[in-house]
Amino acid sequence: MSMVYTEEYLKEKLIKELDAVHVEVRDESDGCGAKFSALVVSDRFEGKPPLARQRLVHAALRDELRAVHAFSQRTLTAAQWRARPAPAP
Amino acid sequence: MSVTNIDTVDNFVNFIRSPSLAVVHFSAEWAEQCIQVTDILKELSKLPEVQSSGSKFGVCDAENLSEISLQYKVDSVPTVILFKNGSAVDRVDGADAAQITSKVRSQCGAKDLNNASQQPLEERLKALINKHNIMLFMKGTRDSPRCGFSKTIIQILNGTGAQYDTFDILTDEEVRQGLKTYSDWPTYPQLYVKGELIGGLDIIKELQESGDLESTLNA
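So the protein sequences, as listed, match chains C and Z. The opening residue of the first sequence carries number -10 in the numbering used here; numbering runs sequentially from there. The opening residue of the second sequence carries number 14 in the numbering used here; numbering runs sequentially from there.
Hint data in this document are derived by calculation from the structure and do not stem from the laboratory. Virtual Cβ for every residue (Gly too), placed ideally from N, Cα, C. Incorrect hints may have been included.
To be verified - Taking lysine-lysine and the BS3-like style, the derived pairs with C-alpha atoms no more than 25 angstroms apart in a straight line are: (1) Z:Lys86 to Z:Lys97; (2) Z:Lys144 to C:Lys24; (3) C:Lys37 to Z:Lys207; (4) Z:Lys218 to C:Lys37; (5) Z:Lys55 to Z:Lys152; (6) Z:Lys164 to Z:Lys207; (7) Z:Lys218 to Z:Lys207; (8) Z:Lys152 to Z:Lys139; (9) C:Lys24 to Z:Lys152; (10) Z:Lys193 to C:Lys24; (11) C:Lys24 to Z:Lys218; (12) C:Lys0 to Z:Lys164; (13) Z:Lys116 to Z:Lys97; (14) C:Lys37 to Z:Lys116; (15) Z:Lys97 to Z:Lys144; (16) Z:Lys144 to Z:Lys207; (17) C:Lys24 to C:Lys5; (18) Z:Lys97 to C:Lys2.
Claimed, not checked - Covered stretches of chain Z (chain C as the covering partner; in silico rule of three or more C-beta atoms under 8 angstroms from a C-beta of chain C): (19) 197 to 209; (20) 214 to 220.
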């Protein structure tokens, strides 16, 4: 039986492992914990291409990703996050 | 080449006697999964590496040939048993496409890109990654993607007009797990350009949004 992870758990882990200033984690699988999407904002990503950034996220969630079926992510630096256009209401 | 109907015990005995691979599908009319297995075997029988190995495919009704079913302990259908020289060398219980495919391929001793028993895994992976300038490892095929992410990435790639090749990781468990370790990337789809991992759907989407996708593909 694989572990079921909550949004809160993953969010906390990402903040801790990546010194993230902003994290959003969404369970896309109706609560069964099999499919997640994440937005991670951290200055650890500065100067790194998307592939390297995603690897940092994978490393932070190495054990958890084994149990998850699908995972999508957006990785931004603090500066990129601040520069984002305002989201639709 | 197609699938032979085996309707008597004598036919069965003759069928499995051959030194090259004889694949027998124990089937039943009422079992829907047997239709899937029949399709899988038909497709496999068309593969050039299978044809050149002289392998043959047969189907028998498990209930009609009940003494054979008993002898080989076939207690559910579909069951696929692989024979050589009259002895069973391998089997798959249930309609497991990936297992049936990989066992038939390795038993027919085909010497090609996908033969697990003849090539160490790392070499196979390297060869597969470099099979085409743009290589996509996905669930399903270009025309029938089997997951949302794979489907979306195909749409994006098709939109660029680039030439690419695909590999269905659902047909090969060894490649499916091995590639995750080899490239240190936990999910599919995975896109490689000139042998180098570009990333998955997220990255392709980002490249598309930033306008860098075409230049990355044509690198």
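Here's how the hints hold up against the structure:
Straight-line distance between C-alpha atoms of Z:Lys86 and Z:Lys97 comes to about 18 angstroms, which keeps the hinted pair within the 25 angstroms bound. A hinted pair counts as satisfied when its Cα atoms are at most 25 angstroms apart, and Z:Lys144 with C:Lys24 does not qualify at roughly 31 angstroms. As the CA atoms of C:Lys37 and Z:Lys207 are separated by approximately 21 angstroms, the hinted pair is consistent with the 25 angstroms bound. A hinted pair counts as satisfied when its Cα atoms are at most 25 angstroms apart, and Z:Lys218 with C:Lys37 qualifies at roughly 17 angstroms.
Proposed proximity of Z:Lys55 and Z:Lys152 is supported: the alpha carbons are some 21 angstroms apart, at most 25 angstroms. Restraint check for Z:Lys164 and Z:Lys207: the C-alpha separation of about 22 angstroms stays at or below 25 angstroms, so the hint holds. Proximity of Z:Lys218 to Z:Lys207 is assessed by CA-CA distance (about 19 angstroms); at most 25 angstroms being required, the pair is judged to hold. Taking the CA atoms of Z:Lys152 and Z:Lys139, the gap is near 19 angstroms; set against the 25 angstroms cutoff, the hint holds.
Proximity of C:Lys24 to Z:Lys152 is assessed by CA-CA distance (about 16 angstroms); at most 25 angstroms being required, the pair is judged to hold. Simply put, Z:Lys193 and C:Lys24 have alpha-carbon atoms about 18 angstroms apart, close enough for the 25 angstroms limit, and the pair holds. Distance check on the hinted pair: C:Lys24 and Z:Lys218 sit about 18 angstroms apart at the alpha-carbon level, within 25 angstroms; holds. Among the hinted pairs, C:Lys0 with Z:Lys164 is inconsistent with the structure: their alpha-carbon atoms are about 28 angstroms apart, more than 25 angstroms.
Straight-line distance between C-alpha atoms of Z:Lys116 and Z:Lys97 comes to about 13 angstroms, which keeps the hinted pair within the 25 angstroms bound. Using a Cα cut-off of 25 angstroms, the hinted pair C:Lys37 and Z:Lys116 is violated, with the two alpha carbons roughly 43 angstroms apart. A C-alpha spacing of about 32 angstroms is found between Z:Lys97 and Z:Lys144, which places the hinted pair above 25 angstroms, so the restraint is violated. For the hint pairing Z:Lys144 with Z:Lys207, the CA-to-CA distance comes to about 9 angstroms; that is within 25 angstroms, so the pair holds.
For the suggested pair C:Lys24 and C:Lys5, the alpha carbons sit about 21 angstroms apart, so the restraint of at most 25 angstroms is met. For the proposed pair Z:Lys97 and C:Lys2, the alpha carbon gap of about 54 angstroms is over 25 angstroms, so the pair is violated. Counting residues of the region 197 to 209 of chain Z whose CB lies closer than 8 angstroms to any CB of chain C gives 4, so the stated coverage by that chain holds, three being the minimum. A count of 5 residues in the region 214 to 220 of chain Z with a Cβ less than 8 angstroms from any Cβ of chain C is obtained; the coverage claim is therefore met, three being the minimum.
Taken one by one, the earlier hints fail for this structure at numbers 2, 12, 14, 15 and 18, listed in ascending order.
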